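Chains as they are written, first to last, in UniProt numbering: chain V, 1 to 255; chain S, 1 to 255; chain R, 1 to 255; chain D, 1 to 255; chain L, 1 to 255; chain F, 1 to 255; chain U, 1 to 255; chain H, 1 to 255.
Incorrect hints may have been included.
As the list claims (entries may be wrong) - Derived list of chain R stretches under chain D, where covered just means 3 residues or more per stretch with a C-beta under 8 Å from a C-beta of chain D:
no., region
1, 50-63
2, 183-189
As the list claims (entries may be wrong) - Have a look at the derived ranges for each label pair, beta carbon to beta carbon:
no., chain 1, residue 1, chain 2, residue 2, range
3, H, 53, S, 51, 53 to 59 Å
4, D, 51, U, 117, 48 to 54 Å
5, F, 253, U, 167, 32 to 38 Å
6, U, 86, F, 253, 45 to 51 Å
To be verified - Only part of the chain U face toward chain L is listed, based on derived beta-carbon distances under 10 Å:
no., residue
7, 48
8, 51
9, 56
10, 117
11, 234
These aren't lab readings, by the way, just hints derived from the structure by calculation.
None of these values were measured; they are calculated from a predicted model.
All residues carry an ideal CB built from backbone N, CA and C; glycine is no exception.
There are 8 protein chains.
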Amino acid sequence: MRETLAALEAGEIGIEEAESRLAGYATTDAGRFDAARERRRGIPEAILAEGKTPAEVAALATTAVDTTGRALVTRADEATAAAVASAVGDAGADATVDRDDRVGTVVVHADGFEPPSLDAAVAVVTAGTGDAPVAGEAAVVAREIGAAVDRIDDVGVANLDRILDQVDRVREADAVVVAAGREGALPTVVAGLVDAPVIALPVSTGYGVGGEGVAALEGALQSCSVLTTVNVDAGFVAGAQAGLIARAVDAARTE
Amino acid sequence: MRETLAALEAGEIGIEEAESRLAGYATTDAGRFDAARERRRGIPEAILAEGKTPAEVAALATTAVDTTGRALVTRADEATAAAVASAVGDAGADATVDRDDRVGTVVVHADGFEPPSLDAAVAVVTAGTGDAPVAGEAAVVAREIGAAVDRIDDVGVANLDRILDQVDRVREADAVVVAAGREGALPTVVAGLVDAPVIALPVSTGYGVGGEGVAALEGALQSCSVLTTVNVDAGFVAGAQAGLIARAVDAARTE
Amino acid sequence: MRETLAALEAGEIGIEEAESRLAGYATTDAGRFDAARERRRGIPEAILAEGKTPAEVAALATTAVDTTGRALVTRADEATAAAVASAVGDAGADATVDRDDRVGTVVVHADGFEPPSLDAAVAVVTAGTGDAPVAGEAAVVAREIGAAVDRIDDVGVANLDRILDQVDRVREADAVVVAAGREGALPTVVAGLVDAPVIALPVSTGYGVGGEGVAALEGALQSCSVLTTVNVDAGFVAGAQAGLIARAVDAARTE
Amino acid sequence: MRETLAALEAGEIGIEEAESRLAGYATTDAGRFDAARERRRGIPEAILAEGKTPAEVAALATTAVDTTGRALVTRADEATAAAVASAVGDAGADATVDRDDRVGTVVVHADGFEPPSLDAAVAVVTAGTGDAPVAGEAAVVAREIGAAVDRIDDVGVANLDRILDQVDRVREADAVVVAAGREGALPTVVAGLVDAPVIALPVSTGYGVGGEGVAALEGALQSCSVLTTVNVDAGFVAGAQAGLIARAVDAARTE
Amino acid sequence: MRETLAALEAGEIGIEEAESRLAGYATTDAGRFDAARERRRGIPEAILAEGKTPAEVAALATTAVDTTGRALVTRADEATAAAVASAVGDAGADATVDRDDRVGTVVVHADGFEPPSLDAAVAVVTAGTGDAPVAGEAAVVAREIGAAVDRIDDVGVANLDRILDQVDRVREADAVVVAAGREGALPTVVAGLVDAPVIALPVSTGYGVGGEGVAALEGALQSCSVLTTVNVDAGFVAGAQAGLIARAVDAARTE
Amino acid sequence: MRETLAALEAGEIGIEEAESRLAGYATTDAGRFDAARERRRGIPEAILAEGKTPAEVAALATTAVDTTGRALVTRADEATAAAVASAVGDAGADATVDRDDRVGTVVVHADGFEPPSLDAAVAVVTAGTGDAPVAGEAAVVAREIGAAVDRIDDVGVANLDRILDQVDRVREADAVVVAAGREGALPTVVAGLVDAPVIALPVSTGYGVGGEGVAALEGALQSCSVLTTVNVDAGFVAGAQAGLIARAVDAARTE
Amino acid sequence: MRETLAALEAGEIGIEEAESRLAGYATTDAGRFDAARERRRGIPEAILAEGKTPAEVAALATTAVDTTGRALVTRADEATAAAVASAVGDAGADATVDRDDRVGTVVVHADGFEPPSLDAAVAVVTAGTGDAPVAGEAAVVAREIGAAVDRIDDVGVANLDRILDQVDRVREADAVVVAAGREGALPTVVAGLVDAPVIALPVSTGYGVGGEGVAALEGALQSCSVLTTVNVDAGFVAGAQAGLIARAVDAARTE
Amino acid sequence: MRETLAALEAGEIGIEEAESRLAGYATTDAGRFDAARERRRGIPEAILAEGKTPAEVAALATTAVDTTGRALVTRADEATAAAVASAVGDAGADATVDRDDRVGTVVVHADGFEPPSLDAAVAVVTAGTGDAPVAGEAAVVAREIGAAVDRIDDVGVANLDRILDQVDRVREADAVVVAAGREGALPTVVAGLVDAPVIALPVSTGYGVGGEGVAALEGALQSCSVLTTVNVDAGFVAGAQAGLIARAVDAARTE
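The shape of chain V in the complex, shown without the other chains (with noise of 0.2 Å):
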């Protein structure tokens, strides 16, 4: 707030750019990035790059790394990817493209920047390939909270052995979330074996009728089972919310 303060008395930014980063904002050519939202929930403000340029893209993360020692962009592609690391070395900092996400997540830490490091786990199970990518979106937001997060890969319902060979896994975590596409049983077939809180995440497979990943996020709001659902393909939100709930998991541990 100081720094704001100082700012704005020595001239460098106006009174309206003042009062808008005190509300919790800082201003780009590309639009406000909310630092806020980092403050008060501990989810990191994601970039969405689809329908940015590059260096649209590269400024806010930029922003970001200035703001809040840390930037996450998702859907970002190989050139977005390239022109973020390029602006965060130009300032000091790291960029990493997680490596299970096909989709493209982009974790940047400033220099000396420490991640949260939560007492709570978060399980991320996908039911098959395709279900790959989003899910990895929802894994690296989790682990940007602080959780620990156990992948659980390919657990798929059409043959049940699967899942049943995983399931004292998941049960080690304190939420989970699945991610399905196709008819999107998954999520209530694990529902039915953990005790923890259940997230389904329907991924955009399938086409025809149902397809796009609608028939399983119909799937997961009749779902038979006790879970909560997200949009199809919404992994980012998937793992804000399982980040949310590990969250406050450690804060009870540690009281």
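Following the hints, put chains S, R, D, L, F, U and H in place on chain V, whose structure we already have.
Below, chains S, R, D, L, F, U and H alone, put in the same frame as chain V:
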């Protein structure tokens, strides 16, 4: 055929009526009854009671008994069932209301009618209580076609032990109908566990988005397992298709 | 378990019944009751009254009380509530109709049943009068799981002062359910104001395009804030998920 | 009118053309241009560039400048903007691409054209960066009608401080356009804070169910506040309606 | 405000109630009534009777009269209208059921209440007989806001002479509401004929695909003329928005 | 027929091929061409170019010319048109691309082919520029069936003078096709003005909800005037049905 | 016209009423009746009974008989039919309920009214019993326009012999209406067998996805044969369009 | 199994990998391949090429050949087909691209692999040219399962002679797949003509409302004949289900 021609010769019916009968259907005031369908595929012609008065249904049922030896009335309320029982009783036949079926399937057999008996079995599986009526309709039709029918109830996937306990029974069938509403995950799970052809029968349970069986139908269309489906609540069609498979298997067995 | 085996040995039940009980569910004429769900996740098995006769619901409720010490009936009309009260009264238990809930949630506790009591709180927030019944269902379930429940009503966003006045109360909860119909803007606003995980509960108010809760559900799926959602009017699921989070937090607090 | 008749008399145009012009529209090879709309309601006739070649758009724009003194091209890509600039430049007029508007609104004023100037203000409010292009289209149209336009950006409800900070600016307007995608909660919140008529402008952001602006549109239709709406991305219509209100207010002020 | 504080001091109400009132709303057993909305935008708070008992509506109406001097009840059946009339009669006010409105809008004015009277006019236009009730709701609201309302009925486009005959009357209004069901072509035609802002009010007539007002709403969203729309049957919203425009014009006229 | 049998006798074709030809269709590598449709209803068999390679279309077109004397290719891009022109040129016929039709209808007449000429007229009316290509497809088909076709363009209802000016021309037709996108009000207005049967031809213009011709189609289905409709962009079907009416009228005139 | 002016002169009606009549419609308390539609296209103005009271319908019917010599009431229940019969009986006319039509079409002819008689035939074809009421509505309208109507029933495609038997009768018609619900395959098959224009009339039979006539309507829109369609259950429109074609053919025959 | 254990003992794989293999699936970098599905139902595991790189598909195909003796790749473009051919060639197997199938089904048989050969036949029927690729996918799968496959093409119902000519061939099959797009009437007609079970395979042809196969799918769900359906374009599923029926019949024949 001779009967039709005799009636024509005797002036009891006109030429148009004779033509109709020979083309395979009989006419009553409530519409035409297609006796030929039974001859063609062994599927009894079903009389859908919804949208007809008890008297219209009773007239069609009597015609059905006269021309094919039996009648099958679906979605009959109590008044309709009574009207049918009374009408066919006057004509010397017996009506039974299927005990499994709260939607009211009425079966009538003419005195001395010998229903077919196939050397082939159909399993009719349900996920929960709400699926019973529609499954009952399927079971009645398959039984009328001649299949041995095994009902396996309440094995929904929210508790996997239920279906795993019963999998040996399901595996004995030559064709399997799986009725499920809500998220409709059971047909996918069953088709992953058995060899025989599986037919999904979505049921109109569930409210909100994807309710009224829509999510269950879309889940069947998107299933990761191999199965075919019928429309929501189309118990007659599911049972008849299972019966056709049973007929094919029986014919092959007895070649 | 011993009881089940004893009953088998005594010939009171057959082998199939014994298997069923051990697999975790009891059978009545109106279907099976899944006692195991309660053991698995602490969520009382809800008996959905819609589509069942009062007598069927009463039979299931009595079985529930016998096997788990309590029963939870949702969407009960007055005749059903009376039938349940009478049936469980004969069996020596007490039924209460939740006062907040015009859709009729009936709670039954067996004599001497001690409901769980968690060291964790759930806030149930509504936008307007029409959201109260569905929110009431959520509140009852969360309370039965053992959470301390705080109801915060009529704080819809058409008058922002309402929610701003109550934000401190909402912030005290470990999990927040926000019920809203029409355009469903409230969950997004609340999730921007609190740290805890927020669960949107869309309500089937509103007519025309996007009515019956569809716009509210889609708004939750598209929310700019981090939250998960349940289906339209799925008060039971929202309350149960909030209760699962409260259980996790309570367990962490008492480790 | 005299010009038209003179051209007819001089044999420069035929009777059909004369009739057309008097009925208020001019014909080019690329279709007819409705000069009368401008006369009727003061709304400049917009030329939608999508689905037309640059040459077709340039021809229509030149006709527009000839008959009304200006042209307004919406959704123009760079090639189209260049073609228009070149064509009208040859005809002695100036084209400007609106700076706010990434969807490419091109404004052309004939040399000496005096745009109207109303004693009335329109606020154009956006929730986030993605809403800017569509909002820009609305702003341009309102400005061409003569309103004083105030852009208030990035005040989405996920951080309520943003809109609360700006509410005094919004209250100064005679009509308010609020552009928002995703869940579209902002128009409802703004309409609860101001006296003037509010027009929702849903924006096609967001993916999955309710995406592409559908949830935002349905939210506007279901809003608990009083507001009217236009279709998704219909910036032109929203700006024009706001401009019509500004005209009415200006006329009343200057009566 | 003083009254509220006095009541608090006198112990007639508690602190929470006092806070509520100062935040602008009153509480009854049937929910809260937002008196502040009227102060904010001049729109009387409407009490939607659908889904409430006559007694609940009557209680809310009495509160409304007490706090704002009037009450507006929409979609009231006869029993509700009677309950309101009786309750407010006891409290010394008068209730009138609007004659145009078969959906039952009830207007109550406290003894001595002086409704506002604006120097501005609203035209309410209908295509056919089926549009009258919804249009009536719009007319009542606009009138309560103080506008002079002109009803122009049965001018649907299947016979163009009808609307062409009345166009001069429509042109006298400062804002125009056009109610139409079925294909909803009338708002487009009217907006092509007048200068003032036009608000489409789709009506839920028509069956089959596009029925229940859906085609009319989509037609308004797709209109080639400039207009904004409200949801199907949202007469209250259309009338209130027209009233807000009339207020703005009146204010400008009387500046 | 003789030709077919001769070819069979000569061993040039096999029995299956002969059967096919006698059943009315010819086979090429790209599929079968139904020469019989032309004989049955006078409608030239259209070859839909979309989804076929230029070579496949050219082969089918050559077969069409060989068996019926002409070919009609719809939705052809330039490469396809060129391939057809070249292929039929080699075979001694002429191909013309219809000038009105930007979607690319190609007409081929064999040398000496005499198209039918009916004593009946079809009017093809459009609302705006975007409707021209689809309307052009309708016009070409009607002309090939033999009708005299009158194109009346740009008479959309946002400016009623346009259609009122042209109503006498429209009234001269024996059947009327009215092409309109967006809100699709024009067919309803035209059907209120003329005696002849009107066929609505919805066009896939417009974006957002109800876009891509959906609102126009639903408007036709809900029309207050008497008219029938075809699917969105189904210019071929609209023109062919108008042509069938013209054939019926011509036959009656020349009886 | 003279009558109207005389009534005005005599002071029996006011100027507004006179204007209305001359514009072609009469006013009753239940709304306006468009006598002009009959004069314009020969289609009797239908009074849709749904949503009107018996008294309102009777008043409109009496006005219709007074101004045009007949009345056509659609979707009348028994009470409405009785009210109409009684009202027009008092006025010296006769009402008949069409025997084919279970949805209740009432036809009234004034004493001495001579219905038109065209030298042209319309076939009305149905797939099954459920299609009869809607087909009956079409038949009545076509007959009132003057066409000779031939009903051909129960020829659905599940048994192809039925339609093949009747194809010669269908071929005698100048226009064909084909009513079918469920999958709606019959219109496509019929249009492949006849020369005359075919109008599909989808019927709201069938449940589940695609039910209520939706699949039948979409099948008509997607038909591989040339045909146009009306909305689900729009018997009046289908019959009227067939009647317009019959009028055109009759006019050509009698030129 | 021994191989797996040996590999474990030899330290070539870890315990987790061993568990996976025994549970029936192999792991590659591109995901897991379910060898067990083939053992369970005789259906070769299909590798969906869409959304995977050629290298990923080639790796999965090689794994499939290694573990099951064959591979089946669906929806492969040319680059993918080439990559598969090259990869499996290196591993000593042969790849064939099915000639009927423009969507690119690639079949690979390991050297010495003996495909099953069943004493049962499957007919694969198409309505038109556009249905061939999807039908081809069905045919390949059925053939790989071991059925004798008979392709019967271009027998759409717009010309009934086509299907009537071929009905004897269709009647020879033990199971029938009927592929049709647009209005999808053919499955209904075929199921009315044959005894064997019929599986509808809707194809994504057709544009506008009901296009992309939606009308065809809904037509199958609503069919008046007995049949089951798969999703739009789900050739693999239709062929596999037909193959399962053929397996059942073959097993019965050879008992």
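task = Check, residue by residue, whether the region 50-63 of chain R contains three or more positions whose beta-carbon lies closer than 8 Å to a beta-carbon of chain D, and give the verdict.
result = Coverage by chain D is violated for the region 50-63 of chain R (0 residues, Cβ < 8 Å).
ask   = Hint check: is the beta carbon of residue 56(U) less than 10 Å from a beta carbon of chain L?
value = holds, 9 Å
task = With a cut-off of 10 Å on the beta carbons, see whether residue 51(U) makes it to chain L.
result = holds, 6 Å
ask   = Do the Cβ positions of residue 51(D) and residue 117(U) conform to the proposed distance bound of 48 to 54 Å?
value = Because 50 Å falls inside the window, the suggested range holds.
inquiry  = Does the beta carbon distance between residue 86(U) and residue 253(F) stay inside 45 to 51 Å, or does it fall outside?
reply    = holds, 46 Å
Agreement of hint residue 234(U) with chain L interface, Cβ distance less than 10 Å = holds, 6 Å
query = Is it true that the C-beta distance of residue 53(H) to residue 51(S) lies inside 53 to 59 Å, as the hint says?
reply = holds, 55 Å
key: Interface hint compliance - residue 117(U) to chain L, C-beta minimum distance less than 10 Å   = With a closest approach of 27 Å, the residue 117(U) hint is violated.
ask   = Taking a Cβ-Cβ distance under 8 Å as contact, does the region 183-189 of chain R have three or more residues in contact with chain D?
value = holds (count 5)
query = Should the hint that residue 253(F) and residue 167(U) are 32 to 38 Å apart at their CB atoms be regarded as holding?
reply = Given about 26 Å between the Cβ atoms, the range is violated.
task = May I ask you to test the interface hint for residue 48(U) with respect to chain L, counting a Cβ-Cβ separation under 10 Å as satisfied?
result = holds, 8 Å
In this structure, the hints that do not hold are numbers 1, 5 and 10, in rising order.
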